[in-house]
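Residue numbers (my numbering), protein chains in the order written: chain A, 362 to 660; chain Z, 362 to 660; chain B, 362 to 660; chain L, 362 to 660.
Derived by calculation from the structure, the hints in this document are not laboratory data.
Nothing here was measured: the structure is a model prediction, and the numbers come from that model.
Among these hints, one or two may not hold up.
Since the list gives no way to pick one copy over another, a pair counts as held whenever it fits inside one copy or between any two copies.
[To be verified] Simulated crosslink set (PhoX-like; lysine-lysine; CA at most 20 angstroms straight-line): (1) K570 - K396; (2) K570 - K491; (3) K447 - K492; (4) K570 - K492; (5) K570 - K447; (6) K601 - K396; (7) K363 - K447; (8) K447 - K555.
Protein chains: 4
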Amino acid sequence: MKVAFIGLGSMGAPIARHILEAGHDLTVYNRTESKAKPLLDAGAQWADSPRQVVRDAECLVTMLSDDMALNAVLMGEGGALEGMEKDTVHVSMSTLSVEYAQQVFDYHHTLDVNYVAAPVFGRPDMAEAKKLWVLAAGPRKGIEAARPIMEAAGQGVIDLGDNPTAANSVKLAGNFMIAAMMETLGEAFAFVRKSGVGAEPFLEIMNGKIFRSPIYENYGSQIAQGRFEPAGFRLSLGLKDLRFVLAAAQAVGAPMPLASLIHDNYLGAVARGMGDLDWSALARVASANAGLGDVDADD
Amino acid sequence: MKVAFIGLGSMGAPIARHILEAGHDLTVYNRTESKAKPLLDAGAQWADSPRQVVRDAECLVTMLSDDMALNAVLMGEGGALEGMEKDTVHVSMSTLSVEYAQQVFDYHHTLDVNYVAAPVFGRPDMAEAKKLWVLAAGPRKGIEAARPIMEAAGQGVIDLGDNPTAANSVKLAGNFMIAAMMETLGEAFAFVRKSGVGAEPFLEIMNGKIFRSPIYENYGSQIAQGRFEPAGFRLSLGLKDLRFVLAAAQAVGAPMPLASLIHDNYLGAVARGMGDLDWSALARVASANAGLGDVDADD
Amino acid sequence: MKVAFIGLGSMGAPIARHILEAGHDLTVYNRTESKAKPLLDAGAQWADSPRQVVRDAECLVTMLSDDMALNAVLMGEGGALEGMEKDTVHVSMSTLSVEYAQQVFDYHHTLDVNYVAAPVFGRPDMAEAKKLWVLAAGPRKGIEAARPIMEAAGQGVIDLGDNPTAANSVKLAGNFMIAAMMETLGEAFAFVRKSGVGAEPFLEIMNGKIFRSPIYENYGSQIAQGRFEPAGFRLSLGLKDLRFVLAAAQAVGAPMPLASLIHDNYLGAVARGMGDLDWSALARVASANAGLGDVDADD
Amino acid sequence: MKVAFIGLGSMGAPIARHILEAGHDLTVYNRTESKAKPLLDAGAQWADSPRQVVRDAECLVTMLSDDMALNAVLMGEGGALEGMEKDTVHVSMSTLSVEYAQQVFDYHHTLDVNYVAAPVFGRPDMAEAKKLWVLAAGPRKGIEAARPIMEAAGQGVIDLGDNPTAANSVKLAGNFMIAAMMETLGEAFAFVRKSGVGAEPFLEIMNGKIFRSPIYENYGSQIAQGRFEPAGFRLSLGLKDLRFVLAAAQAVGAPMPLASLIHDNYLGAVARGMGDLDWSALARVASANAGLGDVDADD
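Taking the hints into account, I'd like the entire structure generated from these sequences.
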């Protein structure tokens, strides 16, 4: 299949590689050209603009950091959308606000381009290992046409039906759940540490015996050990996602006080210069509030 | 070993049975005598008071609903403590406030009775299936002496060292983590439902692919299906535990805003008549606040 | 002075009347024409569109319910902006989001129309009584030119300097402070009522002796007596303002957990059908959470 | 009237002086004897113990920092209660937990001593100026007998009826309302400062035009100027009062999420070493969370 790919960051690059390795014909565009080097060496082709990269493509895959970055490559002169053929498919993997996701979907509709919302769960190391999960929602024929591409991208595709915003809502709710786990760990660790129990043995009990969840294990260890660099997912992006969750929750009329609490803690963390740490550094807010300088100090 | 057991509720009764089945010599006391029937039929003996039940016992096990209930059987005339021999062991399985745990420990110390704090993780069905985890902390010789009894009670003993309050802190922090998961599920379900995605398929994605935790599965299903009766652990007891968490956190100087949020929601749920539902009905607060009458209505 | 006025709602109509009574030459436009009747009877003139109303005007005053409503009368074909002369003044009294306020300001700048942000403090009865306070910020010459109009609108003009967003920030922060007072009253009343003290005698003590504030008196009495209709300011507009506060706070990096709490309570109140009550009905959330059916039941 | 007075701190000393100046016969006891010097010079007498100070007294006034301090002077050997005559009156001015207030009331009842709960509103400077308000509740004859003493203490007595816990509930609810005002000011100031508006001009608008409350003025100026020393009321005592509010609210079943938020912020402030500042330093938490080092830096 002839695939165009835009966005070769820490998530996009490994996904593009998996698609190439699955035998598809890949053309790539990225704002910073140097990031494309390994893919070009492996057989992908380069295009000089979003408009160029979609020429003759059956499928466009985008993986960008936010609404604005996606909008910039899709719209305006030289944008990808004006170059896409009728009935081709756009597989949109970025985490978008529900509001923008609806707009972009409507716009594709007027152009008769299939828009498949396809946000993913997983971090860069999982992308490398082809362990991502792809949440797909959109027009049936678009999903079916792009299925091989989405399957190549990760370990599986979760089909969420016709309404593309469903995939965005699920992605946002999922990130909320992960952030809530981190807030929980942050408060629990601060409490047990001040009660004389170490964060690591406590985690060993709680996850080893009770939760038995790989994601508690991973984030829990990071937090217990104070390992917040390099960022798998930057805290400032965590703030953005929580903002999107709250905006979407507001739009549908669902109060989420825990999401508000987490949002406010992320906002404070960014205001105090922690925006480039991993988003699990949320837990540092709870330990700082308890007068524990940092979470790796005394465990 | 000669064991006295006080407290044959939905947790205590199956624990007592496992101890009996492990071959120990068991004498029981319970406020409501009828609950002892199955154990007596299986070979246990009855005693008419806390004072009587500990006569000649090497080990006393207590499993009561709160500080007050434990205090009532231990203290005063006819109380168990005045009948206990020096160097015997009290295995205290109730979830206690950290404040009371310290008091009761000090009092045992003056009597030369070994006090082993031994709160458990697990609900009645896990108690039946001998799947509880026992958190043990206290004097080394007490823990060693009582180890066979604690091992008979569940699937394993987690040794937390000399300080009995450590076991209580870990138990409270653990219950906080479980309640935090329920608050998280409540808010996430309300949000996705109002966004057009069912709670059950959402849970299937989030737990099946991301969290992969048996406890998310169990509580998540209960909440998604609105099954809050019969209560495995009553919501009014959940409120009590959150109160204990906050009191303990206050004592050590660790602010826990998420615990406060959950506490307030539990308090409101009890004020509105939900105290006898399962504590997972916490999630109903989030759905009610979103104008969703009940969580089982439209999934 | 020749003044155009758009927006004759419960706030706009009395303001327009005061301007007319101050001797200015007034032309009005409103979506619903019938609301203009009393003003026309008093000597104002009617215009059929936003474009028409500004013809020859030296000053345009707008008082609309939100960003969208203002945008609709300013922009596009037949919009007011295309008809405004260079160096005239737009006195913009609506409570706007900080984000939109900046956009609209920039747009006026490109047209050489002076944009004066002029949000007001006060409710309809204060507008009638010419008791509003006008917060003015914008280009110096615009403020000076429009000063007689703004002075005619209320009891005084508060000059906030050159930056129009300052007026919007102050207005939003002010509405947050009022909402915070109502949340405070709601929780305090629920607590004292459940402790056996009536809301009204409690208010009499707290405001009569301690706060001595007319605004505690007014809102406090409304809440203590459960008078939430007719709405002086609708709860759904209160939700909008809190959303604007949080968006603005997010933009400048200031976490506001109390604003988040209030926002979530407003959102829940709207989700449960209370959007058309007065925004002081926020207090009903606290009383409902305490199991008190309604605040006027037992005082 | 023959009056015994225990507790000559920054609140108690001026109250005792006013009672003496009103012509009553005053005997005092204080843990630190030196603090009694000015009163003795003015004609009061000294007693060496709580037991001694109440000898022949018709009325005992206590003003101590908390439950424990009051309990220490009342109970046990040498305690004041064993020395009090039947039908005398104890005017208890300390801010107590509702739980302890009930216990101490019951105990007086068994001794036939009238217990009048008489917490006060006001800080040391108001105590000096005889501007305190006394909230009185208890047995009718006790209130009437002690009225001249309570009237001497401040600018007025607010009679709250027979149930002494009502006075404590009102006092706690009042302190909650003041703390809520400070949290509000803290968040609003951080927001406007980051939006380019100074805290002082903002306060001038909000209090000068809208709230018009002396207490907003006083606390607002302190906060805007970062004057948190010397403490009129220590932050660690503010934490205690919020803990009492939450315990009392829990007991009656009234969730108070704003009180929880404030409590958590106070707890964090104490954990970070701010316990001896004035309780208005609560506002510093909001400014620190917004990355503003301190509130007095740039206004």
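For each hint, the structure was consulted:
In this assembly of identical chains, the alpha carbons of K570 and K396 never lie at most 20 angstroms apart, being 43 angstroms within a copy and 30 angstroms across copies at closest. In the homo-oligomer, the alpha carbons of K570 and K491 lie at most 20 angstroms apart only across protomers (14 angstroms), although the nearest pairing inside one protomer, at 29 angstroms, exceeds that limit. Taking the shortest alpha-carbon separations for K447 and K492, neither the intra-copy value of 32 angstroms nor the inter-copy value of 59 angstroms comes in at or below 20 angstroms. Only between protomers do K570 and K492 lie at most 20 angstroms apart by alpha-carbon distance; the minimum there is 10 angstroms, versus 25 angstroms within a single protomer.
Within a single copy, K570 and K447 get their C-alpha atoms no closer than 54 angstroms, and across copies no closer than 34 angstroms, so neither meets the 20 angstroms cut-off. When the C-alpha separation of K601 and K396 is checked against a cutoff of 20 angstroms, the pair qualifies neither within a copy, at 25 angstroms, nor between copies, at 43 angstroms. For a Cα distance limit of 20 angstroms, the shortest separation of K363 from K447 inside one copy, 15 angstroms, qualifies, whereas the shortest one across copies, 55 angstroms, does not. Neither within a single protomer nor between protomers do K447 and K555 lie at most 20 angstroms apart by alpha-carbon distance, with minima of 62 angstroms and 33 angstroms respectively.
In summary, the structure is inconsistent with hints 1, 3, 5, 6 and 8 from the numbered list given earlier, while agreeing with the others.
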